[in-house]
Amino acid sequence: MMLRFVLFALCLIAPSSLTYINTTCECNVKTIWLDVFLLMDASVMMGSNGISSATDYIEAAFSKLTVGQAEEYQTRLGVISYADSVNLIADLDKYTSRDDLFDLEIQPSTETGTNIDGAIRLARAKFASSTSRRAARKVIIIVGSSYIQTVYEDPTRVAKEFRDEGGIIISIDYLQGTAKSNPMFKKLASPNYSLINFENGKQLRAQELRQLLCRANCFCRRNWIPYTDKWSAPQGGCYLPVKIMS
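Start counting the sequence shown at 1; every next residue gets the next number (full-length UniProt numbering).
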């Protein structure tokens, strides 16, 4: 007879009681442990003002994280810009502290295209390189003001491949002027990981991106199954189904 046992790795357990105390994975932003690539729209539609504003927003969001190159409990950030062409601004091994991020400068392009497909592919290639940390979850943040399908591949396919591999995609629809939200950014994002810089009269706050990074940071090891909430973030930890002969 096969008995199925479930081993729980709880985020928080009372030492003298089986009472369930906390139903969510706790998050300490200073120990968020991710490998992140920022994909920044540098096209004419985004413009220099949009790039500068979006860069300031990213810097503010990361200002409370521990940015560095340690194997554990630090977040690494790489940067890619995209228009018609795709350019690596910074690989994952460039920034060694939060202060380094203030040197981040992304030049606007004179190109009108938005090759998001190429940007995601470059990020995946860099994640797969020898500089990648095996235990760190991979996250892509896409910041863009427009998407125009031209000669480039539909980015939804490569985005799905990345998500299916366990990666998280956060999209920020960075509206310029009176522009309307583009549904492509929500399609690219993982479920409940899409943001808009200005919506219903409210400006996007840095804390909202940090909350998504916290959520991305809470995940299970290979073969372990999360006890999840509606965002698929582990609640109370992960469990490993084990079959034992009796």
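Among the hints, erroneous ones may be present.
To be verified - Just the calculated beta-carbon pair ranges, DEER-fashion:
(1) 201 <-> 129: 37 to 45 angstroms
(2) 165 <-> 203: 31 to 39 angstroms
(3) 89 <-> 112: 40 to 48 angstroms
(4) 154 <-> 89: 21 to 29 angstroms
(5) 88 <-> 187: 19 to 27 angstroms
(6) 207 <-> 49: 33 to 41 angstroms
(7) 97 <-> 135: 35 to 43 angstroms
(8) 153 <-> 91: 19 to 27 angstroms
(9) 85 <-> 49: 16 to 24 angstroms
Claimed, not checked - Derived DSBU-like pairs: lysine-lysine, alpha-carbon spacing no greater than 30 angstroms straight-line:
(10) 180 <-> 160
(11) 180 <-> 30
(12) 202 <-> 186
(13) 160 <-> 186
(14) 202 <-> 30
(15) 202 <-> 126
(16) 186 <-> 64
(17) 126 <-> 160
(18) 160 <-> 187
(19) 94 <-> 180
(20) 202 <-> 180
(21) 187 <-> 202
(22) 126 <-> 64
(23) 30 <-> 94
(24) 160 <-> 94
(25) 202 <-> 94
(26) 64 <-> 187
In short, the hints are calculated from the structure, not lab data. Each residue gets a CB set at the ideal place from its N, CA and C atoms; glycine is no exception.
Quick one, are residue 202 and residue 30 close enough, alpha carbons at most 30 angstroms? The hint holds at about 27 angstroms.
Taking 30 angstroms as the top limit, are the C-alpha atoms of residue 30 and residue 94 close enough? Holds, because 19 angstroms separates the two Cα atoms, which is no more than 30 angstroms.
For residue 160 and residue 94, compute the direct alpha-carbon distance and say whether it is at most 30 angstroms. Answer holds: residue 160 to residue 94 is near 27 angstroms, not above 30 angstroms.
Would you say the C-beta atoms of residue 154 and residue 89 sit inside 21 to 29 angstroms of each other? holds, 25 angstroms
Range hint 19 to 27 angstroms (beta carbons of residue 153 and residue 91) holds or violated: holds, 23 angstroms
Starting from the range 16 to 24 angstroms, see whether the pair residue 85 and residue 49 falls in it by beta-carbon distance. holds, 21 angstroms
Does the structure keep residue 64 and residue 187 at a Cα separation of 30 angstroms or less? Judged against 30 angstroms, a Cα distance of about 29 angstroms means the pair holds.
Given the hint that residue 160 pairs with residue 186, does the C-alpha gap stay at or below 30 angstroms? holds, 12 angstroms
Looking only at beta-carbon atoms, does the pair residue 201, residue 129 fall within the given range of 37 to 45 angstroms? Because 43 angstroms falls inside the window, the suggested range holds.
Given a hint of 35 to 43 angstroms, does the C-beta separation of residue 97 and residue 135 actually sit inside it? violated, 21 angstroms
State, for the Cβ atoms of residue 88 and residue 187, whether the hinted interval 19 to 27 angstroms holds or is violated. holds, 25 angstroms
Using the beta carbons of residue 207 and residue 49, state whether their distance is inside 33 to 41 angstroms or not. violated, 23 angstroms
In this structure, the hints that do not hold are numbers 3, 6, 7, 11, 15, 19, 25, in rising order.
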